[in-house]
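Residue numbers (this note's numbering), protein chains in the order written: chain A, 2 to 583; chain B, 13 to 231.
Please note that a few of the clues may not be correct.
[As the list claims (entries may be wrong)] Listed below are the simulated PhoX-like cross-link pairs for lysine-lysine, each with C-alpha atoms no more than 25 angstroms apart in a straight line:
#1 A:K16 with A:K252
#2 A:K56 with A:K358
#3 A:K18 with B:K67
#4 B:K67 with A:K16
#5 B:K67 with B:K227
#6 A:K16 with B:K143
Hint data in this document are derived by calculation from the structure and do not stem from the laboratory.
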Amino acid sequence: MGNPLSLWHFYFRNKRKVLPVIGILALAILGVVVTDSLLASARETAYATYGSYQKLILIAPRATRDQDLANPLQDSLAQLREVQLQVDVLDGPGGLSSYYAAVTAISGRVQAQLPAMRRLQTDAANARYYAARLRGDLVPLGDLIVRVQRLQSEEKAFEQLVQQLAQNPNDPRPLLAYLQQHQTLLRTVLPDSAQLGRLQAAVTSASSDAAGLQQSLQAMSRDTANLNSAGRKVADLPIPPSPSATIDQFKVALDHLTASLGSIQSPQPGLEKLVADSAHIPGTAFVKRDAYSNLDINMLAGQAQFDLYGFDQPGMAQLLALYGDRVAVGRLPRADANEIAISEEIARSRQVWIGGKLGNNVDELDRLPDAFTVVGIIRGPTRIGLIPLDYMTEHYLFERRYQGLVVVPQTGHEQAVHDQLQALIGDSAFRLFDWSYIKAKIDSLIANLDVINRFLILLVTIVLALVVGLLNNLFFRQRMNEFGLLAAVGYSRWGLILRVVWESLGVTLASWLIGVGLGVAVLSWFNISFIVPHGLLMNVFDWNVLLLHTLPIPLMVFLFGMGTVGWQLLRLDPISIIERRD
Amino acid sequence: MLSGYDLALDYRTGGSVAHAVDNVNLAVDQGSFVGLIGPSGSGKSSLMYLLSGLKRPTRGSVTFEGRDYHGIPAGGLMRLRRQRFGFVFQQHFLINYLSALENVMVGAVRRNHEVAAYGQELLRRVGLGNKLEKRPYQLSIGERQRVAVARALVHHPAVVFADEPTASLDQATGREVINLLADYRARGEGSLVVVTHDPAMLTGADRVLQMRDGKLSAA
């Protein structure tokens, strides 16, 4: 015969009262486990997404809103506008076309007036030849005129952007929308290097043709004067003024445009020196030029930009080796190709695989021009994405502020290398991005969610402590006779309190274990069905969450319940219970 | 064996003092059956609380087996009640989620097979041998009180205090309960102090004492 007052008897003979309490507590603990784990998952996913910074330091030009508005693209647009004005001068009244008409008319007039004068005829033919060449030189300008017309619509969009930003300076969306549209339109508006080269050759040719033509016209003028002095009555030929000055002005405008476009793709001044100087810092494993960019990815706490490294081929291999990653499927991107290799978690997040496309043609928030083809899937402990350096730096639309360098410190030299780099940069227009900076950023982003989560846990804990405490009290009042009798027949007061302690402890402990167990089960299912397929990260057995963060609920419930019941037990007067006549 | 000397118990309510027990001297010999009768509020239950150590007297002293309660701390008095005394109250105070036998075992000081067998024997004696596993709500009021009697006797107490044990029972059932207690005394296992307002329940008592306004007199 066991102890009739054992916990076993109490729990199993009072199932209807105990189980609802266990259920309520367990469900609350389940809720805490799930919300807390999701928050931890958001943090871990963010850490993993930017995990590459744990072993490297990125140095990039400072990017400000002012720079966004005053970037070389804007300057190029202004230069292109100037070219347009010069084209108008060349093609308009008094320009090359009318000059051509005037010159070609000379030959006819000479032929009609002086059929016998062969020398003059030859000079006139020469003039017509050069005039024809000059007209041919104008052909590439036609294409430019079309582009300039499109530029005018672009300018209107830019003016609209400036107005929007002036009205609402803190809203970045118009700027983002403009830059996206800007990139697509500019590609069709701005001439590329080859086109500019042909145009410059044409203008140079036009300049020399104009000089040749003017010499021919002057020779004709001299011929006419000689004929007249010889007694032949030849009418003076109408020699139009030389177009050389107009052509030269056009050439200057074109040179400015070429220089401006060139500055878009050239790196931030001082980058090359920084690359060279960084390599000499003691404790540096390697230094690489980087044309970094971003992919838009979905994380549990919202959208985020996943960093891509634009390296040369050896650099890509070095980066993989640094993290112990490898190309599991496919290959690394080829030089000068719009190709990309990404970690499989990122591929899952974007729902692409080998042959899939990424870029601002696919997702306007991707900072990749047009479309990049996924050629490699990377597997390993660190999530990385690789794009070719040369493709990125030779692309007009890849602005200089996305060109920087990556410095990999040797193990144990991280802080020293960081400090040296910081000293090297000084006040120049570059800044450092390392793990401590990135981690602080992530933590600050999640800080608000953390506060909300803690508030919820506190709220749940307080409400549950009150509810379960009240239930406990009601239950205790129903058992007053039991405790009164036991106290009367000689059971010690502390023994009775200890008995209630064990009873409450058993209930809260069971609730805790069941709640945590249910939490693990639900999280495991969610992990398999959602987290992993979306490239997110979740530690189902995060003991910090499962043990420490859930503990306040049973603890508070236990302490509150025990506090009130214990107090009543201490003040219990068995005689008043014995004498009750109810 | 159990004696009270010049016992007094005062209740202070506001500015007035009520003398629940007023200069009572009483001795309960080993194996005796002492009955206390009196009207409601006469102080008989209060006297029983003093004798059993449930209350400390305002004045006077109680000794049990030569030990004065004044020299025994609260914990010692609890142990005394638990180990040497048995209690039957007007209400049965059975624990609802325990069986009849388990309720009896609540009174046991040690719990082993012998004690359990004795508990079963007691229940058989009180006529509940076939209801060992029944819960209190499955028993009649008289049966519940008989279980309470068995609970008071299971640890072989030296003194059994019964405070109005028959008040909530009909005459016949009350008589059965008193007989059970008297039988325990008759077996020589302990003394019996019965508080009641019904003199008919004290026919087997060695002494019947009358309480009136806190004072004791022979009935």
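Violating hint indices (sorted, rising):
1, 2, 3, 4
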